[in-house]
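If you use full-length UniProt numbering, the sequence shown corresponds to residues 1 to 127, in order.
Treat each hint with caution, since some may be false.
Restricting the straight-line Cα-Cα distance to at most 20 Å, the calculated cross-link-like pairs of lysine to aspartate or glutamate (DMTMM-like) are [claimed, not checked]: (1) Lys-34 <-> Asp-67; (2) Lys-34 <-> Glu-76; (3) Lys-34 <-> Asp-127; (4) Lys-34 <-> Glu-103; (5) Lys-34 <-> Asp-44.
What follows is a list of derived Cβ distance ranges for each label pair [to be verified]: (6) Pro-126 <-> Asp-44: 12 to 20 Å; (7) Ala-52 <-> Asn-107: 40 to 48 Å; (8) Glu-40 <-> Leu-125: 19 to 27 Å; (9) Ala-52 <-> Val-31: 38 to 46 Å; (10) Glu-76 <-> Asp-44: 14 to 22 Å; (11) Ala-51 <-> Ile-30: 41 to 49 Å; (12) Asn-107 <-> Met-47: 16 to 24 Å; (13) Val-31 <-> Leu-55: 20 to 28 Å; (14) Leu-55 <-> Glu-76: 26 to 34 Å; (15) Arg-90 <-> Gly-69: 30 to 38 Å; (16) Asp-44 <-> Gly-110: 28 to 36 Å; (17) Asp-44 <-> Arg-78: 18 to 26 Å; (18) Met-38 <-> Glu-108: 24 to 32 Å.
Derived by calculation from the structure, the hints in this document are not laboratory data.
Source: prediction; values computed, not measured.
Where a beta carbon is used, it is the ideal one built from N, C-alpha and C, also for glycine.
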Amino acid sequence: MIGRKAGAAMVAVSMGFSGCSTSDQSEAYIVPPKPIEMSEWARDIQMNYPAAALLAEEQGVVRMQVDLGIGGRVTECRVTGSSGSATLDRAACAGMLRFARFEPARNEQGAPVVYSLGQSIRYVLPD
Numbered sequence: 001m002i003g004r005k006a007g008a009a010m011v012a013v014s015m016g017f018s019g020c021s022t023s024d025q026s027e028a029y030i031v032p033p034k035p036i037e038m039s040e041w042a043r044d045i046q047m048n049y050p051a052a053a054l055l056a057e058e059q060g061v062v063r064m065q066v067d068l069g070i071g072g073r074v075t076e077c078r079v080t081g082s083s084g085s086a087t088l089d090r091a092a093c094a095g096m097l098r099f100a101r102f103e104p105a106r107n108e109q110g111a112p113v114v115y116s117l118g119q120s121i122r123y124v125l126p127d
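Could you put the whole structure together from the sequences, leaning on the hints where they help?
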């Protein structure tokens, strides 16, 4: 039963660039970060829907603030809006840290810079 539900569970990933910043607020951007193969890492996060959350029939939206390093990898993740499930909240950040990849943000000189952005993941149980 878990395998069937896990295969049918859905995760939707959305991203927002509002409220983005670097460690140095004076830096100007000409290029924000861009997700690399977002459909692939969203699928990877979906395939890792926590079994405990499936069994407990937990679903919801996790809102996070993620920090991106100059290499485009997520270096830190903070839950800013809980799904109501600690299991899903932890899984969302773990998935972002493990799977998400971005082209780094670049400053006006074209150099990669650290960046922070809002991210949300919606965990949906099958009907």
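Here's how the hints hold up against the structure:
1. Lys-34 <-> Asp-67: Satisfied, since the Cα-Cα distance of roughly 13 Å is no more than 20 Å.
2. Lys-34 <-> Glu-76: holds (17 Å)
3. Lys-34 <-> Asp-127: Violated - the C-alpha atoms of Asp-127 and Lys-34 are around 33 Å apart, more than 20 Å.
4. Lys-34 <-> Glu-103: Roughly 5 Å between the alpha carbons, so the hint for Lys-34 and Glu-103 holds.
5. Lys-34 <-> Asp-44: holds (18 Å)
6. Pro-126 <-> Asp-44: 12 to 20 Å: For Pro-126 and Asp-44 the Cβ distance comes to about 19 Å; the hint holds.
7. Ala-52 <-> Asn-107: 40 to 48 Å: Between Ala-52 and Asn-107, where Cβ atoms are some 42 Å apart, the hint holds.
8. Glu-40 <-> Leu-125: 19 to 27 Å: holds (23 Å)
9. Ala-52 <-> Val-31: 38 to 46 Å: holds (40 Å)
10. Glu-76 <-> Asp-44: 14 to 22 Å: Holds, at about 19 Å.
11. Ala-51 <-> Ile-30: 41 to 49 Å: Holds: the Cβ-Cβ distance is about 44 Å, inside 41 to 49 Å.
12. Asn-107 <-> Met-47: 16 to 24 Å: violated (35 Å)
13. Val-31 <-> Leu-55: 20 to 28 Å: violated (43 Å)
14. Leu-55 <-> Glu-76: 26 to 34 Å: Hint holds: Cβ distance 29 Å, inside 26 to 34 Å.
15. Arg-90 <-> Gly-69: 30 to 38 Å: 21 Å Cβ-Cβ, so the 30 to 38 Å window is violated.
16. Asp-44 <-> Gly-110: 28 to 36 Å: holds (30 Å)
17. Asp-44 <-> Arg-78: 18 to 26 Å: Holds - the Cβ-Cβ distance for Asp-44 and Arg-78, about 21 Å, lies within 18 to 26 Å.
18. Met-38 <-> Glu-108: 24 to 32 Å: Once the Cβ atoms are compared, 26 Å apart, the range 24 to 32 Å for Glu-108 and Met-38 holds.
Comparing the model with each earlier hint shows violations of hints 3, 12, 13 and 15; every other hint is respected.
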